[in-house]
Amino acid sequence: MPGSSFELAVRQPFSFARCLEYMARSPLESLYEVRGSSVIRLVRAAQEPEQGYGPVRSYLVEITCPDDEALYVRFLQDEPGSGQELEGVKRYIREWFDLDRDMKHWHQLSSGDPVMGKLAAEFYGLRIIGIPDLYEALCWAIAGQQVNLPFAYKLKARLAETYGESVSWEGCDYRRFPDPSALAEADIAELQSLQFTRAKSAAIIETAALMTRGELSRAGLLALGDFAAAEKALVGIRGIGPWTANYVRMRCLRDPGAFPIGDVGLQNAVRAQLGMDRKPTTAELKDLFAPWSGWEAYATFYLWHSLY
DNA sequence: ATCCAGGACTCAA
DNA sequence: TTGAGTCATGGA
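In this text, residue positions in the first sequence follow the numbering used here: the first is 87, and each later residue adds one.
Please keep in mind that the hints were generated in silico from the structure rather than gathered at the bench. Here a beta-carbon is modelled for each residue, glycine too, at the ideal position from N, C-alpha and C. Heads up, some of the hints might be wrong.
What the hints assert, rightly or not - Estimated spans, in silico, between C-beta atoms of each pair:
#1 Asp-188 to Ala-103: 17 to 27 Å
#2 Ala-103 to Asp-199: 45 to 55 Å
#3 Asp-199 to Gly-311: 41 to 51 Å
#4 Ala-207 to Ala-309: 29 to 39 Å
#5 Ala-207 to Gly-380: 27 to 37 Å
#6 Val-350 to Gln-278: 39 to 49 Å
#7 Ala-207 to Ala-315: 27 to 37 Å
As the list claims (entries may be wrong) - Below, a list of computed lysine-lysine pairs in the DSS-like style, where the Cα atoms sit at most 25 Å apart:
#8 Lys-372 to Lys-190
#9 Lys-318 to Lys-204
#10 Lys-204 to Lys-190
#11 Lys-318 to Lys-372
#12 Lys-204 to Lys-365
#13 Lys-190 to Lys-176
Please take these sequences and the hints and turn them into a complete structure.
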């Protein structure tokens, strides 16, 4: 029965408009659709399918937030048949928008800062838009290694179209990123034909196999105790380097101190913000970020957003 | 053709 | 641990 809905309270400050502004940055996004002041997405009713609780359904939801006080979530087609599934959807959306983050310290740090103050004010209420699904986060990061963003979006869309489930609603298709089980036994040539390099293809298949075997999971990484340990585990996988690992820490594991320092987008944003005639060096980035210790991920995200 | 893009790997010091 | 050189691919 479509039309059922629920609300999710948000911590202040929160700006849904700022979040949508970030999410709408590319017309090539394939996993959700921003329509004016709402977003529509096919959401899996549980994380970690590799943990072995059988097939889990997905539900098409529309999210609005008229007053920035709470997210208003409506099921557009089916609705969850159990409280457990409903909780899965809720958990996903809380992670997606980082709803449980206490932003107080960030705003204390950034408000009077010579570099970040301006961005923090301009993007007031923007949260790091997360990628709650570990496999999606890994594949998105791997796809984005050393290629321009539009091409990365195309690669992701090809994975979703080729291997992911989809539903149709009001003439539009909505896709969900494939589960690792869909790619665990794929052939490298198969992905190369989608224009992934050999190395990226191998990494995507290898991580899928690890996850399908239960040897890699979001819960497992978080259970390692600290994010450095999670990063070490990720970097141990061929094709995953420090940038990808920190990207996943930032957008999937929800570590506010993650710092993808080698990121060229970050470097270009810093260059523009500081009016430099070249990209900053690693040492310069470390110095610049020193005042934002513990919130490097948020500083990075706000700098990314400044590029658009 | 040449350079850039939200890097990773290898190998040397 | 850090730095240069190499690889890889599409787009401008």
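Against the structure, the hints:
1. Asp-188 to Ala-103: 17 to 27 Å: 21 Å, holds
2. Ala-103 to Asp-199: 45 to 55 Å: 23 Å, violated
3. Asp-199 to Gly-311: 41 to 51 Å: At 31 Å between Cβs, range violated.
4. Ala-207 to Ala-309: 29 to 39 Å: 38 Å, holds
5. Ala-207 to Gly-380: 27 to 37 Å: Because 20 Å falls outside the window, the suggested range is violated.
6. Val-350 to Gln-278: 39 to 49 Å: Check failed, 24 Å falls outside 39 to 49 Å.
7. Ala-207 to Ala-315: 27 to 37 Å: 36 Å, holds
8. Lys-372 to Lys-190: Between Lys-372 and Lys-190 the Cα gap is close to 23 Å, so the pair holds against 25 Å.
9. Lys-318 to Lys-204: Roughly 34 Å between the alpha carbons, so the hint for Lys-318 and Lys-204 is violated.
10. Lys-204 to Lys-190: Status holds; Cα separation ~17 Å.
11. Lys-318 to Lys-372: Holds. Lys-318 to Lys-372 sits at ~20 Å (cutoff 25 Å).
12. Lys-204 to Lys-365: 20 Å, holds
13. Lys-190 to Lys-176: 24 Å, holds
The structure does not agree with the numbered hints 2, 3, 5, 6 and 9 stated previously, though it agrees with the rest.
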